[in-house]
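Peer 1: Next come the chains, spelled out residue by residue.
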Amino acid sequence: MSARSFGSLFMVASCAGAALGCYLVSLRVASERAALESVEARIVTTQGDLRLLQTEIGTRGRLSQLERWNAGAFALSAPAATQFVQNSFELAKLTRPVTEPDFHAPIVLASAPAPVARPQLGQPETDDAGRPTAAPAALLHEASLKTETREVPVQVVVAAPRPAAPKSAERPVTAAKPAPLESADKPGLAAAKSLPAKHAPAHVVEAQKPAQKKSVDKPLVASAKPVTKHTQLAKTDPLAPLPDRHSRKDSPTGR
Amino acid sequence: MNAPTPALVAPRPERLRLVGQRRQMLAVMHQRLMFGMLVYAGLIALIALRILYLAAFGDHAGAREEIGAFIPDRGDILDRDGQPLARTIDAWTIAVHPNKVIGDKLTLAQHLAQLMPEHSAAEYFAILRSDKPFVFLRRRASPDLVEAVNALGEPGLALEREPDRLYPQTTLAAHVLGFTNIDGKGAAGAERAFDTYLSDPRTRGKPLVLSISSRVQQALEAELGDALQHFSAIGAAGVVMDVHTGEVLAMTSLPAFNPNTPGQATPDQLFNRATLGVFELGSTFKPFTLAMAMDSGTVSGPGQMMNCPEVLPAYGHLVHDTHPFGRECSIAEVMMESSNIGMAQIADKLGTERQKAWLKKMGFLDKAQIELKEVGRPLTPGSRWGPFETMTIGFGQGIAVAPLQLAMGYATLFDGGIYHHPTILKVGPDHPLAPGRRVFTADTSYRMRSLLRLVVMKGTGRKADAPGYRVGGKTGTAQKIIDGHYSQHINLTSFAGVFPMDDPRYVIVVMLDEPKATPETYGFTTAGWNVAPVVSRTVSRIAPMLGVAPDMNREPNMSEVLPYVQDAKQDAKKD
Numbered sequence: 001m002s003a004r005s006f007g008s009l010f011m012v013a014s015c016a017g018a019a020l021g022c023y024l025v026s027l028r029v030a031s032e033r034a035a036l037e038s039v040e041a042r043i044v045t046t047q048g049d050l051r052l053l054q055t056e057i058g059t060r061g062r063l064s065q066l067e068r069w070n071a072g073a074f075a076l077s078a079p080a081a082t083q084f085v086q087n088s089f090e091l092a093k094l095t096r097p098v099t100e101p102d103f104h105a106p107i108v109l110a111s112a113p114a115p116v117a118r119p120q121l122g123q124p125e126t127d128d129a130g131r132p133t134a135a136p137a138a139l140l141h142e143a144s145l146k147t148e149t150r151e152v153p154v155q156v157v158v159a160a161p162r163p164a165a166p167k168s169a170e171r172p173v174t175a176a177k178p179a180p181l182e183s184a185d186k187p188g189l190a191a192a193k194s195l196p197a198k199h200a201p202a203h204v205v206e207a208q209k210p211a212q213k214k215s216v217d218k219p220l221v222a223s224a225k226p227v228t229k230h231t232q233l234a235k236t237d238p239l240a241p242l243p244d245r246h247s248r249k250d251s252p253t254g255r
Numbered sequence: 001m002n003a004p005t006p007a008l009v010a011p012r013p014e015r016l017r018l019v020g021q022r023r024q025m026l027a028v029m030h031q032r033l034m035f036g037m038l039v040y041a042g043l044i045a046l047i048a049l050r051i052l053y054l055a056a057f058g059d060h061a062g063a064r065e066e067i068g069a070f071i072p073d074r075g076d077i078l079d080r081d082g083q084p085l086a087r088t089i090d091a092w093t094i095a096v097h098p099n100k101v102i103g104d105k106l107t108l109a110q111h112l113a114q115l116m117p118e119h120s121a122a123e124y125f126a127i128l129r130s131d132k133p134f135v136f137l138r139r140r141a142s143p144d145l146v147e148a149v150n151a152l153g154e155p156g157l158a159l160e161r162e163p164d165r166l167y168p169q170t171t172l173a174a175h176v177l178g179f180t181n182i183d184g185k186g187a188a189g190a191e192r193a194f195d196t197y198l199s200d201p202r203t204r205g206k207p208l209v210l211s212i213s214s215r216v217q218q219a220l221e222a223e224l225g226d227a228l229q230h231f232s233a234i235g236a237a238g239v240v241m242d243v244h245t246g247e248v249l250a251m252t253s254l255p256a257f258n259p260n261t262p263g264q265a266t267p268d269q270l271f272n273r274a275t276l277g278v279f280e281l282g283s284t285f286k287p288f289t290l291a292m293a294m295d296s297g298t299v300s301g302p303g304q305m306m307n308c309p310e311v312l313p314a315y316g317h318l319v320h321d322t323h324p325f326g327r328e329c330s331i332a333e334v335m336m337e338s339s340n341i342g343m344a345q346i347a348d349k350l351g352t353e354r355q356k357a358w359l360k361k362m363g364f365l366d367k368a369q370i371e372l373k374e375v376g377r378p379l380t381p382g383s384r385w386g387p388f389e390t391m392t393i394g395f396g397q398g399i400a401v402a403p404l405q406l407a408m409g410y411a412t413l414f415d416g417g418i419y420h421h422p423t424i425l426k427v428g429p430d431h432p433l434a435p436g437r438r439v440f441t442a443d444t445s446y447r448m449r450s451l452l453r454l455v456v457m458k459g460t461g462r463k464a465d466a467p468g469y470r471v472g473g474k475t476g477t478a479q480k481i482i483d484g485h486y487s488q489h490i491n492l493t494s495f496a497g498v499f500p501m502d503d504p505r506y507v508i509v510v511m512l513d514e515p516k517a518t519p520e521t522y523g524f525t526t527a528g529w530n531v532a533p534v535v536s537r538t539v540s541r542i543a544p545m546l547g548v549a550p551d552m553n554r555e556p557n558m559s560e561v562l563p564y565v566q567d568a569k570q571d572a573k574k575d
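Here the protein sequences line up with chains Y and R, keeping their order.
Everything in the first sequence is counted per my numbering, starting at 1 for the first residue and increasing by one.
Everything in the second sequence is counted per my numbering, starting at 1 for the first residue and increasing by one.
No lab work stands behind these hints, which were simulated from the structure alone.
Just so you know, even glycine gets a beta-carbon here, dropped at the ideal spot from N, CA and C.
Misleading hints may appear alongside valid ones.
What the hints assert, rightly or not - Now the stretches of chain R that chain Y is said to cover, found in silico as 3 or more residues with beta-carbon under 8 Å:
| # | segment |
| --- | --- |
| 1 | 291–301 |
| 2 | 462–471 |
Unchecked claim - One side only, chain R facing chain Y, incomplete, derived with CB under 7 Å:
| # | residue |
| --- | --- |
| 3 | Tyr53 |
| 4 | Ala55 |
| 5 | Gln169 |
| 6 | Ser214 |
| 7 | Gln218 |
| 8 | Ala222 |
| 9 | Pro267 |
| 10 | Gln269 |
Using the sequences and the hints given, assemble the complete structure.
Peer 2: And the structure:
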């Protein structure tokens, strides 16, 4: 009974509530719209300000002013036709690596290994101790080119001396054998004898052969003489000419 | 029992009848009430719906048309690269209502004279004591000044903002831009030509884009201005034009004015020599005569030989050359040494009627078709146009055209012979290229390349050469008419050049009015000495900006002309 009598009231209340809700939504929309419009208005105002500032900058940096500075203050001129490069290759040509001398670097003179005194063909190559270093067979290289052409007979001719090689190689091995045995009790002498053969050029060895009989000192001196020149460290001015004469005089080998 | 009692069927008692009536009346009342409520509710619903509708879709405070984009009071003018050339800004104005001044007028006048010294304190005092309601004291005042005036605290002083036209580049391209009058209406130049576009609320939001390139304009103005000063000329004009589209990239007339203060400009400064002024431009006309002759078939080509005597008697007059050949000479030599005698004979063979028809086709007999309103009408012999006038027009005397028209003619000649009317609007989607019309054949256009290159390589225009940019062109020295006679000393020198000559893209025309001799010109006032170097310097500056790459190894086909040049005389003294 009471519920039914309040039914219409509920109806009215819910209607009012719904209407109020709708109104609130629309109010909210309107306020958002107003806020948006104020932002838009601010954007337009800012655009106007930007224009004003851009105009001011443009006026202060006008081309005639820049020209006056360029021509008067900086003395700049337009680039000449030769200052343009056509492609990347021409651009790369303009630069080259800069090499700056490093004054503190140690001076290294060019050096090359002295030519090894080759034992005569048929003689075994020996090391410091006089032992043969390489098998005599290794001295010979066999041509490995094999063709099916008519040059085959030529290959046969080349291959012909091969059986002779081991024969000649075997002989020096036996001949050289006494050398290490001989020097075993006198290592210094053996070293003195063998060293020049290893390090000095062939003609030096030839020249010293007679002297070798007289004394062992000279071959030793010869062996102590460095192959490359004495390395100097820069102490004063590295660009000054090297005191070549002095170094030669002071050198232990003398002339 | 069940039978109705007589009392019951008896007529209803009065009370019952009354009850029935009341019930009936109540029902009617209910009906009416309900009806009234429905009407009322309907009205309310209608109002509510209307309010909701308005809230959702209606216009409300703050007019929406202003919002969206910034629309200036007058449209901007931009150059082809988008640099502003003219803008409308809100500037401060300082004004006074003399009758509303409440402070001491004498003190106020003294303060004003200190701040704005263009008037004396006495003058300000006179303004303050006058009975005028409103007087402008300063338009376009600086913010500092406005602040200082505001600090005076005088309620009679009015500080207001009003839209004002500003040209940020000051004198740059002043004659092209023009200026606006005090009411904001265009009074000259593009401001006048496009006044409706710039002021119409529908179109003014979109800036007007000119074909002018401000950097090219600046280079041309600077170099021409230097020459003007150096040679003490009374005026100068210059035009740079795109050969293929007819777009004017730079156009200047010196002395220039500042469009921000047009009131201070003299009539001489306001005069646009490039379009409004017409001048006898002299030998720069010769290539047209030769092209007409080659196109008509009266001249076979640069190798044709002709008689070039010391003096040519013609129709009761004598035609002279500065450096006469006195021998047989080829067409290439006539062009290279700018021989009047040779060119007069070529024009004579062409004939008056054909010359008129050609000049008409090239647009030299009418006003230049450009958007600007300041356009001069060419001067021709008119009814006196006889065979001798044909000869003189052949070498550029007796016809006066604007420098812009000369540039237009060269653009036609080197665009394969196709005429496009010149324009100061950038060619693009908004302003498509107008269809051109053929004037010369493409073959003639091609053959003129090497001839004009020859002039710069070996002839009178050697000082115009810009290394690497293959400039070709023609010098022109016209004697000015003083008191009805051609003066021997007062000249008007011009140079019309095209670059790069192996594939022509730009035309440059420069002109100096009455240049004086200087020590380094050895006393000469001919074009080879004063305007040709301007072209050289200008081209060196603008060609890289315009995308013309320098190349020392490219030339037009010079084998067409070089075999016909007997000896390259080393004098640039001649015209």
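Peer 1: Now look at each hint and say whether the structure bears it out.
Peer 2: Now for the hints, and whether the structure bears them out:
no.: 1; hint: 291–301; result: violated (count 0)
no.: 2; hint: 462–471; result: holds (count 4)
no.: 3; hint: Tyr53; result: violated, 9 Å
no.: 4; hint: Ala55; result: holds, 4 Å
no.: 5; hint: Gln169; result: holds, 5 Å
no.: 6; hint: Ser214; result: holds, 6 Å
no.: 7; hint: Gln218; result: holds, 4 Å
no.: 8; hint: Ala222; result: holds, 5 Å
no.: 9; hint: Pro267; result: violated, 23 Å
no.: 10; hint: Gln269; result: violated, 16 Å
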